[in-house]
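With the hints as constraints, model all of the structure from the sequences given.
Residue numbers (numbering that gives the first Met the number 0), protein chains in the order written: chain G, 0 to 322; chain X, 0 to 335.
It is possible that part of the hints are untrue.
[Said to hold, decoys possible] Here chain G is said to cover these stretches of chain X; the calculated rule only asks that three of the stretch's residues, wherever they fall, bring their Cβ under 8 angstroms from a Cβ of chain G:
id, stretch
1, 65-73
2, 195-203
3, 265-276
[Said to hold, decoys possible] Far from chain X by the CB rule (all over 12 angstroms, computed), these chain G residues:
id, residue
4, A5
5, K87
6, R192
Keep in mind that the hints were calculated from the coordinates and are not lab data.
Yeah, the Cβ is synthetic: ideal placement off N, Cα and C, and Gly gets one too.
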Amino acid sequence: MSSDRAMIEVRNLTVDYIGENSVARAVNGIDFDIREGEAFGLAGESGCGKSTVAFALARLTRLPGLVSGGQVRLNGEDVLAFDKARLKAYRWNEVSFVFQSAMNALNPVIPVSEQIMDVIQTHKPELGQQGARARAVELFELVGIPPRRLDDFPHQFSGGMRQRICIAIALALNPKLIIMDEPTTALDVVVQRDIIEQIVELKSRLGFSVLFITHDLGLMIEFCDRIGVMYSGELVEVAPAESILTNPQHPYTRALGNSFPPLTGPRIRLEGIAGTPPDLRALPQGCRFASRCPHAMDQCRAQSPELRYYPQHRSEAACHLLN
Amino acid sequence: MPLAELDAPAMRQANDAPVIEMDNVDKEFVLGGAFLNQTFLKALSGITLKLVRGRALALVGESGSGKSTCARMIAGAYEPTGGAIRFQGDDIAHFRGPRLQRYRSEVQMVFQDPFGSLNPTQSIGYHLERPLRLHRPDLRGREIEAEMLALLEGVGLRPAADYLKRRPHELSGGQRQRVAIARALSVRPQVLLADEPTSMLDVSVRLGILNLLEDLKQQRNLAALYITHDIATARYFAEDTAVMYAGHLVEQGPSQEITDNPRHPYTRLLIDSVPNPSRKIATAHKRRAADIPLWTRQSRGCPFVSRCPRALPICSETMPGPTPLGAGHFVRCHNL
Numbered sequence: 000m001s002s003d004r005a006m007i008e009v010r011n012l013t014v015d016y017i018g019e020n021s022v023a024r025a026v027n028g029i030d031f032d033i034r035e036g037e038a039f040g041l042a043g044e045s046g047c048g049k050s051t052v053a054f055a056l057a058r059l060t061r062l063p064g065l066v067s068g069g070q071v072r073l074n075g076e077d078v079l080a081f082d083k084a085r086l087k088a089y090r091w092n093e094v095s096f097v098f099q100s101a102m103n104a105l106n107p108v109i110p111v112s113e114q115i116m117d118v119i120q121t122h123k124p125e126l127g128q129q130g131a132r133a134r135a136v137e138l139f140e141l142v143g144i145p146p147r148r149l150d151d152f153p154h155q156f157s158g159g160m161r162q163r164i165c166i167a168i169a170l171a172l173n174p175k176l177i178i179m180d181e182p183t184t185a186l187d188v189v190v191q192r193d194i195i196e197q198i199v200e201l202k203s204r205l206g207f208s209v210l211f212i213t214h215d216l217g218l219m220i221e222f223c224d225r226i227g228v229m230y231s232g233e234l235v236e237v238a239p240a241e242s243i244l245t246n247p248q249h250p251y252t253r254a255l256g257n258s259f260p261p262l263t264g265p266r267i268r269l270e271g272i273a274g275t276p277p278d279l280r281a282l283p284q285g286c287r288f289a290s291r292c293p294h295a296m297d298q299c300r301a302q303s304p305e306l307r308y309y310p311q312h313r314s315e316a317a318c319h320l321l322n
Numbered sequence: 000m001p002l003a004e005l006d007a008p009a010m011r012q013a014n015d016a017p018v019i020e021m022d023n024v025d026k027e028f029v030l031g032g033a034f035l036n037q038t039f040l041k042a043l044s045g046i047t048l049k050l051v052r053g054r055a056l057a058l059v060g061e062s063g064s065g066k067s068t069c070a071r072m073i074a075g076a077y078e079p080t081g082g083a084i085r086f087q088g089d090d091i092a093h094f095r096g097p098r099l100q101r102y103r104s105e106v107q108m109v110f111q112d113p114f115g116s117l118n119p120t121q122s123i124g125y126h127l128e129r130p131l132r133l134h135r136p137d138l139r140g141r142e143i144e145a146e147m148l149a150l151l152e153g154v155g156l157r158p159a160a161d162y163l164k165r166r167p168h169e170l171s172g173g174q175r176q177r178v179a180i181a182r183a184l185s186v187r188p189q190v191l192l193a194d195e196p197t198s199m200l201d202v203s204v205r206l207g208i209l210n211l212l213e214d215l216k217q218q219r220n221l222a223a224l225y226i227t228h229d230i231a232t233a234r235y236f237a238e239d240t241a242v243m244y245a246g247h248l249v250e251q252g253p254s255q256e257i258t259d260n261p262r263h264p265y266t267r268l269l270i271d272s273v274p275n276p277s278r279k280i281a282t283a284h285k286r287r288a289a290d291i292p293l294w295t296r297q298s299r300g301c302p303f304v305s306r307c308p309r310a311l312p313i314c315s316e317t318m319p320g321p322t323p324l325g326a327g328h329f330v331r332c333h334n335l
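Right under this line is the structure:
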């Protein structure tokens with residue numbers, strides 16, 4: 000499905016949140032690629048920085064957030080250096096977004112048709128009113144909503160349909176990358192399954208890449224090609240989706256996998272991950288996971304491990320135990 | 000015959016009789032329409048279930064299936080339109096005055112949102128002290144503070160003394176949910192109704208809360224009702240699971256049996272929809288999720304018929320009674 004060519008290259012990306020008396024480094028120099036046609040997932044606990052990365056990629060970081068270092072390259076161009084005009088073309092033409100609350104972001108007093116056409120006309124004025132409407136009809140068909148409902152208002156749709164409309168808006172200009180941050184979290188499991196299957200189908204038909212963020216590791220493994228696990232602002236492991244839980248290299252990945260009760264097998268007690276992530280304003284020396292890690296050694300508390308590639312596992316991981 | 004009466008393990012437990020029994024409970028809400036011409040939404044249709052001490056029953060189903068309505072009715076927030084809810088054999092509709100007040104401490108709820116269920120302007124100590132003063136007249140002065148500390152210790156907030164003066168905003172979501180659980184336990188309930196207690200919490204914290212509830216259920220011999228849309232956590236925490244659809248119980252039994260061997264097409268749909276790391280998403284089969292039908296007084300037949308892949312003509316006519324499948328497993332389906 001995905002080629003090996005990197006479309007998005009993130010290098011040493013660093014994002015800070017500036018407080019009155021302190022600075023919290025929410026993303027600490029991370030590196031990863033998103034390949035053409037690939038679904039890349041970012042997993043981790045709340046506050047690990049996964050949404051902050053998504054915002055930085057979309058150039059949506061706002062104060063007190065500040066991208067303080069690194070690069071995001073789209074086919075070699077530095078996204079973080081885009082000027083206003085280039086940014087307008089970048090957003091929606093090249094990269095679009097679907098957020099968890101997206102279905103509530105639709106304006107309740109404007110028909111859905113106008114909201115879709117607004118996006119199309121802003122970014123492709125040459126299409127004109129009629130061209131934009133024709134495209135909106137196409138998009139509704141694409142996501143499986145009868146086009147006769149185009150002029151309905153948001154409240155006339157169910158949550159799942161509203162989320163589909165948001166996916167339609169994200170697809171409006173055939174972007175190369177869609178950033179999906181918890182796109183199905185607010186939905187029931189049956190509706191979630193339906194929407195995810197539809198995204199998979201659209202992705203294979205249209206060939207876009209996806210940056211997928213969710214707390215639901217099971218869903219992520221089903222949907223993504225590769226997964227990066229973040230902890231406390233750093234990537235601790237990047238591995239193919241099919242092996243990340245069956246052959247985890249980092250103790251945090253293993254612990255995260257053990258936090259989900261399975262649907263099969265005997266009913267046994269799981270322990271999950273004890274403790275909490277460190278305060279980003281007062282980070283410990285060494286590995287950030289050391290205080291919660293059952294295998295922590297003296298070296299872990301002294302020196303922070305680097306993300307290294309282990310070809311035998313096809314996995315990148317940052318852990319002293321592996322050396 | 001009501002579902003639970005046929006239940007073999009339930010018969011065994013009948014020796015230690017159920018604390019809470021919902022017996023063929025209906026609940027209708029007025030949807031709208033003029034007087035004498037009103038439309039009635041049937042939120043619950045003939046719900047029969049029991050809660051037994053030391054065990055948990057999970058209620059699973061999509062939003063709008065009536066799970067929370069069941070919990071609110073047990074808590075006494077709504078009265079049944081038909082049927083009865085009994086606490087240790089007594090119909091709770093007849094509880095008045097001191098008996099009603101006692102019932103309110105015997106049955107406690109833990110809600111989904113620990114950000115909304117604690118008062119942001121009051122300390123954690125205040126949240127625990129009030130129920131103790133109201134419902135525990137046996138405690139005086141220093142005993143109240145000792146009890147507050149013991150409660151916080153009991154839910155894993157240590158050192159407990161540090162938490163008394165803190166306010167909710169100083170605590171994480173998981174810690175707040177622990178405070179909400181401590182508050183529920185302060186009045187020494189026999190029944191704990193937990194309505195999606197982990198769905199707003201981070202993944203790493205969820206398991207800790209479920210394990211805490213499991214320990215408390217055993218230590219305090221609590222009867223628990225666990226409401227969730229996550230059938231995997233239902234299987235993890237609750238011994239028994241009941242599946243609801245549009246206000247009807249469609250399948251009920253031991254949790255492991257329900258997930259390993261689901262017999263109702265709706266239960267199968269739910270289980271097939273749960274993300275499964277050991278497979279990849281297939282796009283081949285096209286099914287569109289439909290909305291749960293609005294169930295009114297006039298509705299007939301099985302509510303799942305519009306989405307059911309195995310529907311028979313009779314399914315639009317009548318809702319079948321429970322068919323026993325052994326080991327306390329029951330299903331209501333014409334086409335088994």
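Results for each hint:
Only when three residues or more bring their CB closer than 8 angstroms to a CB of chain G does the claim for the stretch 65-73 of chain X stand; here the count is 0, and the claim is violated. Coverage of a stretch by a chain is defined here by at least three residues with a beta carbon nearer than 8 angstroms to that chain's beta carbons; for the stretch 195-203 of chain X and chain G the count is 3, and the condition holds. Against chain G, the stretch 265-276 of chain X contributes 9 residues with a C-beta closer than 8 angstroms to a partner C-beta. That satisfies the three-residue criterion, and the hint holds. The Cβ of A5 (chain G) sits about 23 angstroms from the closest Cβ of chain X, beyond the 12 angstroms cut-off, so the non-interface label holds.
K87 (chain G), annotated as away from the interface, keeps every beta carbon of chain X farther than 12 angstroms; the closest lies near 34 angstroms. The Cβ of R192 (chain G) does not lie farther than 12 angstroms from every Cβ of chain X; its closest approach is about 4 angstroms, which violates its non-interface assignment.
In summary, the structure is inconsistent with hints 1 and 6 from the numbered list given earlier, while agreeing with the others.
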